[in-house]
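Each protein sequence line maps, in turn, to chains A and B. Quick note: the first sequence, position 157, residue 156 per numbering that gives the first Met the number 0, numbers continuous. Quick note: the second sequence, position 92, residue 91 per numbering that gives the first Met the number 0, numbers continuous.
Hints were generated in silico from the structure; no laboratory data involved. Treat the hints loosely; a few may be bogus.
[To be verified] Partial list, computed: chain A residues near chain B (C-beta under 7 Å):
1. 9
2. 40
3. 41
4. 60
Glycine included, each C-beta is placed from N, C-alpha and C at the ideal position.
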Amino acid sequence: MTTYDDATLLAYLDGELAGAESEALEADLVRDEKLAERLQAFAGSGALLRAALSPATHGHMPALPQPDFTARPAASWRRFAPYAAIAATIALLIGAGVGFGTGDFLARRNFELASEQRARDSALAEATLRRALETQVSGTPVSWENPDSGASGTVKPTRTFKNHNDQFCREYERVETTSARTETISGIACRSDDGQWRTRAVFYRD
Amino acid sequence: MNKDTWAAMTALQPRLRRFAYGLTGSLDEADDLVQAAYERAISRIAQWQAGTRLDSWMYRIVQTIHINRQQANRVRGAHLQPVDPDTLTARDQARALEASITLAKVRGFIGRLPEEQRAALLLVAVEGLSYRDAAEVLDLPVGTLTSRVARARIALRDFVDGSTVPAAVGGGQA
Numbered sequence: 000m001t002t003y004d005d006a007t008l009l010a011y012l013d014g015e016l017a018g019a020e021s022e023a024l025e026a027d028l029v030r031d032e033k034l035a036e037r038l039q040a041f042a043g044s045g046a047l048l049r050a051a052l053s054p055a056t057h058g059h060m061p062a063l064p065q066p067d068f069t070a071r072p073a074a075s076w077r078r079f080a081p082y083a084a085i086a087a088t089i090a091l092l093i094g095a096g097v098g099f100g101t102g103d104f105l106a107r108r109n110f111e112l113a114s115e116q117r118a119r120d121s122a123l124a125e126a127t128l129r130r131a132l133e134t135q136v137s138g139t140p141v142s143w144e145n146p147d148s149g150a151s152g153t154v155k156p157t158r159t160f161k162n163h164n165d166q167f168c169r170e171y172e173r174v175e176t177t178s179a180r181t182e183t184i185s186g187i188a189c190r191s192d193d194g195q196w197r198t199r200a201v202f203y204r205d
Numbered sequence: 000m001n002k003d004t005w006a007a008m009t010a011l012q013p014r015l016r017r018f019a020y021g022l023t024g025s026l027d028e029a030d031d032l033v034q035a036a037y038e039r040a041i042s043r044i045a046q047w048q049a050g051t052r053l054d055s056w057m058y059r060i061v062q063t064i065h066i067n068r069q070q071a072n073r074v075r076g077a078h079l080q081p082v083d084p085d086t087l088t089a090r091d092q093a094r095a096l097e098a099s100i101t102l103a104k105v106r107g108f109i110g111r112l113p114e115e116q117r118a119a120l121l122l123v124a125v126e127g128l129s130y131r132d133a134a135e136v137l138d139l140p141v142g143t144l145t146s147r148v149a150r151a152r153i154a155l156r157d158f159v160d161g162s163t164v165p166a167a168v169g170g171g172q173a
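Chain A with its partners taken away, still in its complex shape (with noise of 0.2 Å):
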């Protein structure tokens, strides 16, 4: 018969056991009484830890703080990167490369109300790429959405290593996708000395 330690034990209590081996105790948990006793312990004993505890979630609560409805989510993006929105705004006019007749004022001005949104959501993107790469381990996608735009995206590093320079590097991934269409970006980001992450190289994927 397997013998387990205590550790299993607590990741199968935990639900942290991979199937296989959760049916596979299970399975001794009925043929071994000792096995089940011990189990029994360390169950037992977190049920007495919830309970200690417990006085905390009953009865009254006490008042919370009041948050201010009236302050826009969108307005505290703006404060991520204005240059980058401005940035992506002239990348967005020079990569469109659209001449406007004189007469062509409500063309321009709808172009223009898409591109501000179109910045703010690379804005968005921008600051969740940075705030993935510093803070997420690898594997675990970060989400953004522009409600304003319907635009949405995540970023996910998936790899990271050192550089030449003793830099700290990143693969990531990018998934944005927009009314009219989803696209995937795969790039590497490397982290200068000023704590800046900068985008080395980026590969466009359908």
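Since the structure of chain A is already known, use the hints to place chain B on it.
Relative to the frame of chain A, chain B by itself:
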């Protein structure tokens, strides 16, 4: 801050209060800590990423404020050593004579755990977070979190089993 987010946030109050109670060992201090955490969460809501776990984010704020306060208190020379109920009141002692173990003694045990084991134990065994989520709240590798939780729970089991006062519950190890 939108109203849905706020509704989700206020629904967390009992759980955050329980976590804070476990950290501080007193309901008054827990309420004070939770209050400060909500103030910070409101002012920094822009830092929370929609789609990520709000509860993890809030637990993290509670934990961070608690650690900062502990450090500040240490600097001022104040003593935040958790009170041992065995030496606290005659009433607790009398109760302890009657029952082999009391909930107050369990709280005393929590208070004597090393700080880093305490938070790990509370998040996993009381708040029900997965090892991964708890590790993220505490900014630890999952392996480190797992071993801290295991050490704390083995100590807890031994404490409950033997109903002995652990003289040296895992003090010192990382």
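Each hint, compared with the structure:
1. Look at residue 9(A): its Cβ gets to within about 5 Å of chain B, closer than 7 Å, so that hint holds up.
2. For residue 40(A), the interface hint holds, the least distance from its beta-carbon to any beta-carbon of chain B being 5 Å, beneath 7 Å.
3. Satisfaction of the interface hint for residue 41(A) is found here, the shortest Cβ-Cβ separation to chain B being roughly 6 Å, below the 7 Å cut-off.
4. The beta carbon of residue 60(A) comes within 5 Å of a beta carbon in chain B, closer than 7 Å, and the hint placing it at the interface holds.
Hint check: no violations occur; every hint is consistent with the structure.
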